[in-house]
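*Asks:* Read off the chains here:
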Amino acid sequence: MSDTPLQPFRASFALLGWLLPGLGQWATGARLRGVFAGIGVLGLLFSGLLVGGVDCVDRNEDPLWFIGQVCAGPLVIAADVANTQLLKSGRAAPLIAAAVPYGAAMNPADVPKISSFKGLAHSNEFGTLLVFLAGLMNLVVLLDASIRPSNRLTRRTADAGTRA
Amino acid sequence: MTTTLCMSILAWTPFLEPAPAIALWWWALAIPMALFVAMAYKATRVKEMTDFWRATIKMTVQILAAMIGIAVGLALLIQVLLPMLPAE
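So the sequences go chain by chain: A and B. Heads up: the first sequence begins at 1 in our numbering, then just goes up one per residue. Heads up: the second sequence begins at 1 in our numbering, then just goes up one per residue.
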């Protein structure tokens, strides 16, 4: 229930919010809201990347997670590109042979190679989860920006924008 | 142990390499996670921004309390109640 009429959905503010979390609120005039929303979403994103490394964003190996993660904006796409260009290519760290499944007979040349910086267990799980949460929270934030009444004249009014 | 941990932290390349020794302190990640989720959510929901920090801290505590409650409940279920069931 809101005290002020909400705007119809405005894709431009949603797009701004996707480009940089909180930018949509900033553009509507609710600058303080935008700053705090941005800190929240980017805090989750960078916490995830710090804990799991860029390997926790992987469009090919974790496509379902990536769908949620990419809602956090182009930074996630940059992390995926960094994962491919730096880790999977072996430029950042040497590639090592992956463990062969027990009982499987494999030609040593066919054993897949993985980066020695690849995240495993808790680091990969938490990194993936934190970046995914960043994407989901940014979805909430950019949807809010897309229907928030725009008020550039009085920033305080916009920051106090009444949403129940 | 401490020396090994210090050396692995010194050798760590942030953002490229996973954080070292995460198995020791993974549970502590729930605190920044709850705080950042509450910040992003309350930034869109509070009526007045003067209430922002109070609402954020309240929601952070609620999230952490719910997670601890679920953890305790599951621990009791697995370690106390289930062993009491007949073995057959």
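Wrong hints could be hidden among the right ones.
Examples of chain A residues toward chain B, derived with CB under 7 Å [what the hints assert, rightly or not]:
{"#": "1", "residue": "44"}
{"#": "2", "residue": "63"}
{"#": "3", "residue": "66"}
Looking from chain A toward chain B, a few residues come up when the C-beta cut is under 8 Å (computed) [claimed, not checked]:
{"#": "4", "residue": "40"}
{"#": "5", "residue": "65"}
{"#": "6", "residue": "68"}
{"#": "7", "residue": "86"}
{"#": "8", "residue": "90"}
Since the hints were made in silico from the structure, they are not lab data. For every residue, glycine included, the Cβ atom is placed at its ideal position computed from N, Cα and C.
*Asks:* The structure should be examined with respect to each hint, and the outcome stated for every one.
*Replies:* Now the hints, each set against the structure:
no.	hint	verdict
1	44	4 Å, holds
2	63	21 Å, violated
3	66	18 Å, violated
4	40	3 Å, holds
5	65	16 Å, violated
6	68	14 Å, violated
7	86	7 Å, holds
8	90	12 Å, violated
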